[in-house]
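A.B. asks: With these hints in hand, go ahead and build the complete structure from the sequences.
Single-letter residue listing:
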Amino acid sequence: MDLQFAEIIPKLGPLLWGALYTIFVGLLACGVGVAVGTALLLMKNTRFWILRTFTSIYSSFIRGTPALVQILIFYYALAPLVGINIGPFTAGIMAIGFNSGAYVAEILRGGLSRVPPGQWEAAKALGLPKHKIWFKVILPQVFNSVIPLLVNEFTMVIKITPLLSTITLVELTRASQMLYNETFRPVEVLTLAAIMYFAICFSISQFGEYLQRRSLKFRL
Amino acid sequence: MNFDYMAIWENSDILLNGLSMTLLISAITIPIGVCIGVGICLMRISNNRILRWTAISYIEVIRNVPLLILIFMVFYALPFYGIRLAGLTTGIVCLSMYGGAYFAEIFRGGIQSVPNGQFEACKALGLKYSFYMRRVIFPQLLQYVFPPGTNIALTMIKESSLLSMITVAELTYAAHDINGRTFTPVETFAAIALLYWLISTLFLNLAERLNRKLGGDQIADSITIR
Amino acid sequence: MSSTPNTNETPRTTIRQANVIVEIRNMNKWFGKFQVLTDINLTVREGDKIVICGPSGSGKSTLIRCINRLEEHQEGDVIVDGIELTEDIKNIDKIRSEVGMCFQQFNLFPHLSVMENCVLAPMSVRKMHREDAKALALQYLEKVRIPEQANKFPSQLSGGQQQRVAIARALCMQPRVMLFDEPTSALDPEMIAEVLDTMEDLAREGMTMLCVTHEMGFARKVADRVIFMDQGQLVEDSDPISFFENPKHDRTKKFLEQVLQH
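Chains as they are written, first to last, in the working numbering: chain A, 1 to 220; chain B, 221 to 446; chain C, 447 to 708.
Any given hint might turn out to be false.
Derived DSS-like pairs: lysine-lysine, alpha-carbon spacing no greater than 25 Å straight-line [to be verified]:
1) K130(A) with K580(C)
2) K573(C) with K540(C)
3) K573(C) with K536(C)
4) K124(A) with K580(C)
5) K124(A) with K589(C)
6) K536(C) with K44(A)
7) K598(C) with K580(C)
8) K536(C) with K136(A)
9) K124(A) with K44(A)
10) K540(C) with K132(A)
11) K573(C) with K132(A)
12) K44(A) with K130(A)
13) K694(C) with K667(C)
14) K124(A) with K540(C)
15) K598(C) with K124(A)
16) K536(C) with K132(A)
17) K136(A) with K124(A)
18) K573(C) with K124(A)
19) K130(A) with K573(C)
20) K44(A) with K136(A)
21) K580(C) with K136(A)
22) K667(C) with K699(C)
23) K130(A) with K540(C)
24) K536(C) with K124(A)
25) K132(A) with K580(C)
26) K132(A) with K598(C)
27) K573(C) with K136(A)
28) K136(A) with K598(C)
29) K44(A) with K132(A)
30) K536(C) with K130(A)
Keep in mind that the hints were calculated from the coordinates and are not lab data.
Everything numeric in this text was worked out from a predicted model, so none of it was measured.
C.D. replies: This is the structure we're talking about:
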């Protein structure tokens, strides 16, 4: 069959909007993910046994079930259960955010183990209270050391967003589905969508590698 | 809050069929993925520039394009070129290719972590490439690649849920099926979540036990790629 | 054996009714089954400058780390500035703001500038305003002779400069006693002098100091008490002249023979 890219190009609009929407949703979900991940890290390091167990169970669940199932649960099951009706936008961002959070927590845990114990001692010796030690001394160093890994995690989030097409969010995948259903040209449309995803993810991971090279130069 | 257990119980056969399909898909795709991974890895480290760049392109495409788009391309776009694959076949092809790319990177990392001296000793002894890769490098490799490899395998098991979107009757599809009949999203999705959780916990336990026998590091500590 | 001298015979000091800042009574500490500190009795008065020396593993660092609860003691009393050290967090935090500590590895916060390192604690703990804290910090940075480095980051400074910043940072909390845990052991030889000079200035101004160090020249010059520890016990505690010229115990003699060879 002959490829008719010329036919598609004028209809590129929805695809580009879809791509922007994907990035937008990805950024928000990443933000939620970082917040959740930090919370999990702090919970894992308290002396309250119940919080520590909660984080273990949470991580095990998130990493042991498919992201698609988590999204479906958030959208279809949580509403009847909790009583609040959340739209697909919120449900999608929360679902991906909570998913990403478990992985961010793992990344932060690795970063935490690389903070020298002397930092804890100096902060304690100065009489700083626990919350100040975490937020002013330890966490900044943790985040500094794992920026490339967090950027990589953002790529992962972008690659999960296609699943949101199942809960009616018009991100890039859904936009392309709608377009090839309309034009009967899935080859061209899907190829374009693939190229767009590739461009987004590849640039992000290149940026991450650039950051990694920079962090090696300014070794803290 | 009432849980309609009966809805699940009465349709448990659909669930179990879905579960077996998921397990079947995993059992087929993981070994194929490993083989593809080995092949791509050898291409990736070869001295032939064409082979190397083919491998690099393959890996980068798989890593940067979402699996769902890949699946849609094979399922919806390939028929226009005369290749019409059934849902299950599409799924197996796509998942294996997906796993293959990640396995290739893991194997490459593993080979690089085998000390250079091993290669030099083999060459100095005059051993053939195919011989020493198989008998000297590979056994040492196994210890390094098993933890991350297990993570990829687990990811593949979870990603099989995407096949529900092209009507493959695996576990997630079963949930949609039951939900469509009984309108019990909470129960059905909770049920499959628990089943997936069960599969992954058992899988990780098994893998951890095997890993200990090989003498490697903790699986939980290795970098997780989803 | 330990002694808690009530009088000092050196010409530098006189009998004073100075306040007791640190009091350690019958303190014992174990790491698991292994006893690291045995029967420690120590009184530190305001203005005392004590150097603690001894072979590695003798427990010297552990001892001073018990004073600000970086290590916990299992038996006995540790009383700092009238407050007893127990598990009570409020007490511990209060004590830590009165006790300053300098570490072998400096432990400056790498992501903060020199100024930020210094003002963090006064602002967070003493609730000082930023302007007051910065003025205070500059004052102490001048005292350690590196005010011009205030906006640099630790990675841009030499080892000697970093340690002096660490001293200024501790001083910004205006502690009643300063603990030094081998402050020059991680420094290149040419930088040791600048740090020791700074510590000497501090001593001359009347700061109460406990210093674990191998620098015997410093001990002779600055200390008014030298304590020898071995295998977790306080073996000897006397003024520098008696300590170096006429050590009372054999173990002290042996140690001095080894150390003063260099």
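A.B. asks: If you test the structure against every hint from before, which numbers come out violated?
C.D. replies: No hint contradicted; all consistent.
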